[in-house]
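Protein chains in written order, with this note's numbering: chain A, 1 to 168; chain B, 1 to 186; chain C, 1 to 416.
Since the hints were derived computationally from the structure, they do not count as laboratory data. Honestly, I wouldn't trust all of these hints.
Listed below are the simulated DSSO-like cross-link pairs for lysine-lysine, each with C-alpha atoms no more than 27 Å apart in a straight line [stated by the list, open to error]:
no. : chain 1 : residue 1 : chain 2 : residue 2
1   : B       : K182      : B       : K108
2   : A       : K92       : A       : K48
3   : A       : K134      : C       : K50
4   : A       : K92       : C       : K110
5   : A       : K92       : C       : K107
6   : C       : K72       : A       : K128
7   : A       : K134      : C       : K232
8   : C       : K107      : A       : K85
9   : C       : K232      : A       : K85
10  : C       : K300      : C       : K110
11  : A       : K149      : C       : K107
12  : C       : K196      : C       : K302
13  : B       : K108      : B       : K161
14  : A       : K48       : A       : K16
15  : C       : K110      : A       : K85
16  : A       : K149      : A       : K134
17  : A       : K14       : A       : K85
18  : A       : K92       : A       : K14
19  : A       : K149      : A       : K92
20  : A       : K48       : A       : K14
21  : C       : K72       : A       : K70
22  : C       : K189      : C       : K303
23  : B       : K161      : B       : K182
24  : A       : K48       : A       : K128
25  : C       : K393      : A       : K134
26  : B       : K177      : B       : K161
27  : C       : K206      : C       : K196
28  : A       : K12       : A       : K48
29  : A       : K149      : C       : K72
30  : B       : K161      : B       : K31
31  : C       : K393      : C       : K232
32  : C       : K232      : A       : K128
33  : A       : K134      : C       : K72
34  : A       : K48       : C       : K232
35  : A       : K92       : C       : K232
36  : C       : K72       : A       : K92
Given the structure is predicted, the values throughout are model-derived calculations rather than measurements.
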Amino acid sequence: MENTLLTTVGDKLKAKFGDAIISAEQHYDFPVYVIRRDAIYAVLQFLKEDEELAFTFLTTMCGLHYPDNKGQELGVMYQLHNLPKNLRIRLKTFFPVSDPTLPTITTLFPTANWMERQEFDFYGIIFKGHPNLKRILNMDEMTYHPMRKEYPLEDGTREDKDDKMFGR
Amino acid sequence: MSKEEDKKVNLDADAPPGIEGPGFFATRIDKVVGMARANSLWPLPFATSCCGIEFMATMASTYDLGRFGAERLSFSPRQADLLMVMGTISKKMGPVLRQVYEQMAEPKWVLSMGACASSGGVFDTYSVLQGIDRIIPVDVYIPGCPPRPEQVLDGIMQIQKLVESESIRRRDTPEYKALLAKYNIE
Amino acid sequence: MSTKNKIEKVNPGNIPDKTGMEKVKPDEFTTLNLGPTHPATHGIFQNVLKMDGEIIMEGESTVGYIHRAFEKIAERRPYYQITVLTDRLNYCSSPINNMGWHMTVEKLLKLEIPKRVQYLRVIIMELARIADHIICNSVIGVDTGAMTGFLYIFQQRESIYDIFEELCGARLTTNIGRIGGLERDFSPKAWAFLDKFLNEFPGKLKEFENLLMRNRIFMDRTINCGPITAEKALGYGFTGPNLRAAGVDYDVRVMNPYCSYEEFEFTVPVGTQGDTYDRFMVRQEEMWQSLSIIKQAIEKVKKEPAGVFHADVPEFFLPPKQEVYNNMEALIYHFKIVMGESDVPVGEVYHCVEGGNGELGFYLISDGGRTPYRMHIRRPCFIYYQAYTDMIKGAYLSDAILTMSSMNVIAGELDA
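Here chain A stands alone, though its shape is the one from the complex:
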């Protein structure tokens, strides 16, 4: 049943958006589509408003950072859920770290408000059109975006723990 979901949604998306759909794969029990950044808002809107697909519930979204993919380092993953028919899909989009902007989806899904603020806080992804894009979990005075792979987990300024002994 999962494979037919992958092809059903995939065919509809390809018919409407053509080459904005970069890939469509099945990972475990989720169809995953990689979308080009400029089409992501339109794709999400289509998935939400189409009567047959009706993915009206945004389960979660999170940021991704692959420093080795030059030109496509940062990414965002969206997970949608069609509650009446109980269907779930995942969408991903990637963009370079030099231009980390993405359109906001708070107009489609009000729940994305804080989720986008969290991804801005962690990865520095700027969501254009967000009503209140500022840090949410970390301190406002923080100058860097901590979840990116180049930053360490521990506080760099502490002086009491010797890194050599703790194997970091």
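Since the structure of chain A is provided, determine the placement of chains B and C on it from the hints.
Only chains B and C this time, still in chain A's reference frame:
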């Protein structure tokens, strides 16, 4: 089945050394004040995370904290004696904790409950303060993650011993002044 | 039934003409800081409220006062060490979080878990759900002024703690279970504690219900307090008891069954208005349903072959110590697991469980190494707390406090 034979636990604390007579009891004033303070601590539960739930269990009927005199929890720092910091303190919360501590009136004691408050606990990360003793002076540390209610009661009893045995005007002693100066608190 | 609030809910910008203050302009509202440390907010989050007298016009939430960077820590810890972190998410019901994580990793590794282990896991998770709802419901009582219910029903949490302590050694942050099963079988003492709990709890729960459920004062306080419509709740991503109180019967145990929940018979309670009374009643009924599930699970466990408490996967489940010291193969497996040499497939997986507050999801990207490449936790509290300032617009301050406690916002899960 006489009650005298069954009584093995002495529930009455010993009176401080003093001169006793019919209708009067004379002892040093700091002993009386110490006893009064120790048995009527008003804690300020600064509960942030999981240790707060274990504190709720300590306040509940099985491990009743009220029998130590700490029944009346004060959420206002102005009226509290004992600041119980329970749970992880992040760097964002640090100034808040410091402000609450400074608002408390002397005499005041601080109890750090749990591994996170004592030293950062499991969370050696960029956002967690590695121990509240970086910003405020602490009197008793209770280890555990979360500590069992018996450990919390033991910590409270240690605070009580501290309270009983300190001098009445601790705030004027040079050691205390030096300690506060180290934390930049006037 | 005169239980409706006498003041209508107002929109910000419209001045309620019942107070006769038509001339009050928005910049003349008072600002009240319901600060990070507050006796009534159960957890540390701040709300700056703009009030017109006692009525809240708008509010702004600040969270993050207990941000502990779970997602970053998870990139440095092997899979079995992340269970410790998941404990501290919704710490009132840690076993559910633990099991959710174990099931996510088992999904990644494509492990088959024996039925008996699944039934035991169901027992543990439902006990944790009861424990979580005990706290939430008794604290709703405390916030309306009823301390008695809290003191009496908290004793039952001690009975649940006894069971957890017998199973895993810890009361609150249990770190229970292992990837592939449980770390030890239920001992006879654990079964005895469980029987004692099942005998005593229904009576005590009924007592607690009688105190509050049809209590005139409680109903007057909680009905129409902080309501939310089903459309708005779905838009804000609500899940769990808060969504079910609004009328939508979405329960992950029914929609995406895991851990053999499809074999159990239970009903999903649903409310109508989404106000505080509905949330209280939904949680109350869920406790009764959890009791019934535990009884069914005990019956099912009796039918399975005894003594099975883990899957037969020596690559991921530590072999018992006697064998490690005597058997070469077990020693090699132990070494591989601890040093992280076991073969973890590359891939990404998402698994969700019905936590105490809703759909708790774990999104895990593995790159074949010892630690995850990316772990993201879908935290229900974080998602539905966004709606809080919307829900209290036009309400009295005391209603706002009651709304917050009835939503069961746990700071650990909010900030993670």
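Outcome of the hint check:
1. Distance check on the hinted pair: K182/B and K108/B sit about 17 Å apart at the alpha-carbon level, within 27 Å; holds.
2. Annotation: proposed proximity of K92/A to K48/A holds, straight-line Cα distance about 16 Å (limit 27 Å).
3. As the CA atoms of K134/A and K50/C are separated by approximately 21 Å, the hinted pair is consistent with the 27 Å bound.
4. Simply put, K92/A and K110/C have alpha-carbon atoms about 24 Å apart, close enough for the 27 Å limit, and the pair holds.
5. A hinted pair counts as satisfied when its Cα atoms are at most 27 Å apart, and K92/A with K107/C qualifies at roughly 21 Å.
6. Simply put, K72/C and K128/A have alpha-carbon atoms about 26 Å apart, close enough for the 27 Å limit, and the pair holds.
7. With a CA separation close to 24 Å, the supplied pair K134/A and K232/C stays within the 27 Å bound.
8. Note on K107/C and K85/A: the hinted pairing holds, with a Cα-Cα distance of about 23 Å set against a maximum of 27 Å.
9. Of the pairs offered as hints, the one joining K232/C and K85/A holds, with about 20 Å between alpha carbons and a cut-off of 27 Å not exceeded.
10. Taken as a hint, the K300/C and K110/C pair is honoured in the structure, with Cα atoms around 24 Å apart against an allowance of 27 Å.
11. Taken as a hint, the K149/A and K107/C pair is honoured in the structure, with Cα atoms around 26 Å apart against an allowance of 27 Å.
12. As the CA atoms of K196/C and K302/C are separated by approximately 18 Å, the hinted pair is consistent with the 27 Å bound.
13. For the given pair, K108/B sits about 14 Å from K161/B by alpha-carbon distance, which is consistent with the 27 Å threshold.
14. Only pairs whose Cα atoms come within 27 Å are accepted, and K48/A paired with K16/A is accepted, the gap being roughly 14 Å.
15. Taking the CA atoms of K110/C and K85/A, the gap is about 26 Å. The hint holds against a cut of 27 Å.
16. Between the alpha carbons of K149/A and K134/A the distance comes to roughly 21 Å, so the proposed pair stays at or under 27 Å and holds.
17. Using a Cα cut-off of 27 Å, the hinted pair K14/A and K85/A holds, with the two alpha carbons roughly 22 Å apart.
18. A threshold of 27 Å between alpha carbons decides the hint, and for K92/A with K14/A the separation of about 15 Å falls inside it, so the pair holds.
19. Only pairs whose Cα atoms come within 27 Å are accepted, and K149/A paired with K92/A is accepted, the gap being roughly 19 Å.
20. Taking the CA atoms of K48/A and K14/A, the gap is near 16 Å; set against the 27 Å cutoff, the hint holds.
21. A hinted pair counts as satisfied when its Cα atoms are at most 27 Å apart, and K72/C with K70/A qualifies at roughly 22 Å.
22. A hinted pair counts as satisfied when its Cα atoms are at most 27 Å apart, and K189/C with K303/C qualifies at roughly 20 Å.
23. Distance hint between K161/B and K182/B is fulfilled; the C-alpha atoms sit about 25 Å from each other, no more than 27 Å.
24. Only pairs whose Cα atoms come within 27 Å are accepted, and K48/A paired with K128/A is accepted, the gap being roughly 20 Å.
25. Restraint check: the Cα-Cα separation between K393/C and K134/A comes to about 23 Å, which is no more than 27 Å; the hinted pair holds.
26. Pair hint K177/B plus K161/B holds up; C-alpha atoms about 21 Å apart against a cutoff of 27 Å.
27. Simply put, K206/C and K196/C have alpha-carbon atoms about 16 Å apart, close enough for the 27 Å limit, and the pair holds.
28. Simply put, K12/A and K48/A have alpha-carbon atoms about 13 Å apart, close enough for the 27 Å limit, and the pair holds.
29. A threshold of 27 Å between alpha carbons decides the hint, and for K149/A with K72/C the separation of about 9 Å falls inside it, so the pair holds.
30. Distance check on the hinted pair: K161/B and K31/B sit about 12 Å apart at the alpha-carbon level, within 27 Å; holds.
31. For the proposed pair K393/C and K232/C, the alpha carbon gap of about 14 Å is at most 27 Å, so the pair holds.
32. Pair hint K232/C plus K128/A holds up; C-alpha atoms about 24 Å apart against a cutoff of 27 Å.
33. Distance check on the hinted pair: K134/A and K72/C sit about 20 Å apart at the alpha-carbon level, within 27 Å; holds.
34. Between K48/A and K232/C the alpha-carbon distance is near 16 Å, which keeps this suggested pair within the 27 Å criterion.
35. Restraint check for K92/A and K232/C: satisfied, since their Cα atoms lie roughly 26 Å apart, inside the 27 Å limit.
36. Taking the CA atoms of K72/C and K92/A, the gap is near 20 Å; set against the 27 Å cutoff, the hint holds.
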